[in-house]
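2 protein chains.
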Amino acid sequence: MITGSGSQKVVGMDWSKRPGKPEISCDAANFENQTLLDSSSFVVVHGAGSFGHFQASKSGVHKGGLHKPLVRAGFVATRISVTTLNLEIVRVLAREGIPSVGMSPFSCGWSTSDRKMTSADLSLVTKAIDSGFVPVLHGDAVLDELQECTILSGDVIIRHLAAYLKPEYVVFLTDVLGVYDRPPSEPDAVLLREIAVNEDGSWSVVKPALQNMNKQVEITVAAHDTTGGMVTKISEAAMIAKLGIDVYIVKAATSHSLRALCGEVRGTIPDDWLGTIIRFVDKEIAST
Amino acid sequence: MITGSGSQKVVGMDWSKRPGKPEISCDAANFENQTLLDSSSFVVVHGAGSFGHFQASKSGVHKGGLHKPLVRAGFVATRISVTTLNLEIVRVLAREGIPSVGMSPFSCGWSTSDRKMTSADLSLVTKAIDSGFVPVLHGDAVLDELQECTILSGDVIIRHLAAYLKPEYVVFLTDVLGVYDRPPSEPDAVLLREIAVNEDGSWSVVKPALQNMNKQVEITVAAHDTTGGMVTKISEAAMIAKLGIDVYIVKAATSHSLRALCGEVRGTIPDDWLGTIIRFVDKEIAST
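Protein chains in written order, with the UniProt record's numbering: chain W, 1 to 288; chain U, 1 to 288.
Keep in mind that the hints were calculated from the coordinates and are not lab data.
Hints may be right or wrong, so weigh each one.
Since the list gives no way to pick out one identical chain from another, each pair is judged satisfied if it fits inside one copy or across any two copies.
Listed below are the simulated DSS-like cross-link pairs for lysine-lysine, each with C-alpha atoms no more than 25 Å apart in a straight line [what the hints assert, rightly or not]: (1) K63 - K116; (2) K251 - K207; (3) K58 - K68; (4) K166 - K116; (5) K166 - K127; (6) K68 - K127; (7) K63 - K127; (8) K207 - K242; (9) K242 - K116.
Taking the hints into account, I'd like the entire structure generated from these sequences.
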């Protein structure tokens, strides 16, 4: 996301001690002669992956009940796990010269009521962006007014950030090429290239054109996933698309995700691009 | 700080994978049969120690100028370093059964103007305490309205928390027995047992009774300390004492710090207790 970095050496921003190296590495001279890279404003939100889901599901943090010893312990354990991952991601970005700053939703005061987001001071995220940073948020254990606590998923955070920040587009990075009509491990799984979202929030597959595609789409959720897996991802993506913001679901670390992140698939989708685009279809425009 | 824990097994709340152990350790059954420990409400604030001071002083984050590449990189590097330490402290407390939650001042939206604290939503800390958690805050790099950024020290954070939360007492844990009249490494250094703070914020040594003690007190600050070292610590402690809250400066991991933390040195100071008490002296009461 940093333009013009081709000619400049990347200067890392993680000056921690590394195992096996006695000295902290910080070449201040590299910064003195450097002009600030022209970086687009962006925000990174990550889920928990193998960090957090075990702790949350084992204790039932997502179901609430903070007065129970197990849930309270699970809340603490979940936060330790997700903030460990957050710190690693901030560190990796900083090493690549991206001025990343971790922002934990719990610390930011984000909370829910009956598992729906109620309170979030999004101006803190805006301030961090305006100061030249890349905020890195994550799915987190948060307080809930009705059930005492719950898990706030990264997907829900993205939707709220998108509604507030109105970005040009949102990219979901995943470990498969995009959304399939059935679990992608199955041999006949078909990659859905374009999903149209309607005014009422319902969605249908536009590309590839298959009869009764909707009915054929099977969605499974892993047993340990406390935040809904692909179902949540698509429904949150559909809600973002309804705001007029295109959503691209792509495989991380591929040319497809790079192109999506650089904004190359806005407008007409290139034929050689693999991924799923989720777009709002304005019926009035569509019918003309 | 947890009472009644003598008869109960400590059940850890850090369920992360440990090096050399393939399985995550979480004995849920231990929690099912456990009643919640009766823990006093408390807050932990830590500084940066060897984490953060190097990064901050090397880049001059405390002096501001976030538009400069080196300062911006230093801000990122400082936050990585202090949040790494914060996570370790949260983890150590959780392993001892203390329901600790990390709360980064930057993420909480704390900010300064001309290096003085202006904005801090302290209600987030109260909410965490009321939910049964022990918030763990730390010295942090924050945004500054006038000079773009600065370092907010743990000592300043404690003062603001004390003014808001009105705790019974505040304990500063350090690596020496308390405040000395000169660097404690010097052979003739005398431990100051009691310091009285006056209405105007000035302070004088009450115990031991030495002539012109004030004049004899030498205070040095390490070159790498961006937040003022012992000078800041005493002046912040004096400001807390002025609120009518006793401050104890004690050596960590000793019987003296344990007694101070348990509130045993409130009122008359035991003769066999070693540490420095900083107390407000109400002149009107003192003169009667």
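What are the numbers of the hints the structure violates, in ascending order?
-> none
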